[in-house]
Every structure is written in structure tokens, then in C-alpha cells.
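Under our numbering, think of the first position of the sequence shown as 1, with each following residue one higher.
Treat the hints with care, as some may be off.
As the list claims (entries may be wrong) - Quick list of in silico lysine-lysine cross-link-like pairs, DSS-like style, CA-CA up to 27 Å:
(1) K54 x K32
(2) K52 x K71
(3) K71 x K32
(4) K21 x K54
(5) K37 x K21
(6) K52 x K32
(7) K52 x K21
(8) K37 x K54
(9) K21 x K32
Rather than coming from a laboratory, the hints here were simulated on the basis of the structure.
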Amino acid sequence: LQIMGSNGNNLHQAVTESGEKFLLSMPTKFRKNIWIKRGDFVIVDPIEEGDKVKGEISFILYRDHINYLRKLNIWPNGFEVAGGKEQIQKKAQGDDTKSKEDNEEDESSSSDSEDDRDLFVNTNRTNVQYSESDDSDKDEEEEHED
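The task is simple: from the sequences and hints, build the whole structure.
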């Protein structure tokens, strides 16, 4: 199922491959450890006693899981992105060429930095780039000499 949004109180609205919408509950083992955002995919255990809440989230699918399911051809067709597998393959090929270029750059540089592309990006904060400038230091030294 694909998550459409959060209704609060550990309830999330989800949609099936066929377009049916209903609520899912977040189990207590996930509540303070894992966050789900709109567009994420989950595996659900059905709940029979609820009228509105039809299931409980049992597993959250990440990008690696989704790619693996696509390779096995068991990923539901209803959840394919616009453009289908061709667009996904083009993205993967583009990532491969980028990673080859990055590897060449890494080999030429002497720094041992890790690849940060897979890290979570917090979209709630603005992206600030810091740069050090020697100009202000020179100006301060000139003021102290006068």
C-alpha cells in the first residue's frame, strides 16, 4: 500500500493498487522510532474489528526493497511511477554514470569522505552553504596595525 498522508493519532491514510483508500494504524514498536511520509510504501496486516481502520503497518518498504521487488517482477503495476520501468531504468543508468564519474573524482582526490547521497535530507530546514574567507582576516589585521 502507498501512504497518502497522516491523519494524526498514529493513523495514516493509504491507497491500494486498485485505488481503494482506508486508514492504517502505526504499531507501538514503530511510533517513536520510524517516521512515514507521504508516498512511502508499506506492508500491512489486516484488522478485522475496525470499521475505519482496516490494517496495521507491519513493514515499511525502502528504495532497496522496492528495487528488489521490481527485479523479481512482483511489484504491483498500479504503483509504477508515470513512465513506468523505462523511466526507472534511465534513472538507474544515470545514477551509474554519475557514480562512475564520482569514483574517478574520489580516486583523484586525497580526501577520504563517505558518500552522503543516501542520507536523509531534512526538507524542513534551509540549505545553508558555509565558506571561509581570508579577506575578513586581512582587513582585521590592517585595522589592528593602524
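Consistency of the hints with the structure:
1. Taking the CA atoms of K54 and K32, the gap is about 22 Å. The hint holds against a cut of 27 Å.
2. Annotation: proposed proximity of K52 to K71 is violated, straight-line Cα distance about 34 Å (limit 27 Å).
3. Taking the CA atoms of K71 and K32, the gap is near 32 Å; set against the 27 Å cutoff, the hint is violated.
4. Restraint check for K21 and K54: satisfied, since their Cα atoms lie roughly 10 Å apart, inside the 27 Å limit.
5. Restraint check for K37 and K21: the C-alpha separation of about 16 Å stays at or below 27 Å, so the hint holds.
6. For the given pair, K52 sits about 23 Å from K32 by alpha-carbon distance, which is consistent with the 27 Å threshold.
7. Note on K52 and K21: the hinted pairing holds, with a Cα-Cα distance of about 10 Å set against a maximum of 27 Å.
8. Of the pairs offered as hints, the one joining K37 and K54 holds, with about 19 Å between alpha carbons and a cut-off of 27 Å not exceeded.
9. Among the hinted pairs, K21 with K32 is consistent with the structure: their alpha-carbon atoms are about 25 Å apart, no more than 27 Å.
Hint check: violations occur at hints 2, 3; the rest are consistent with the structure.
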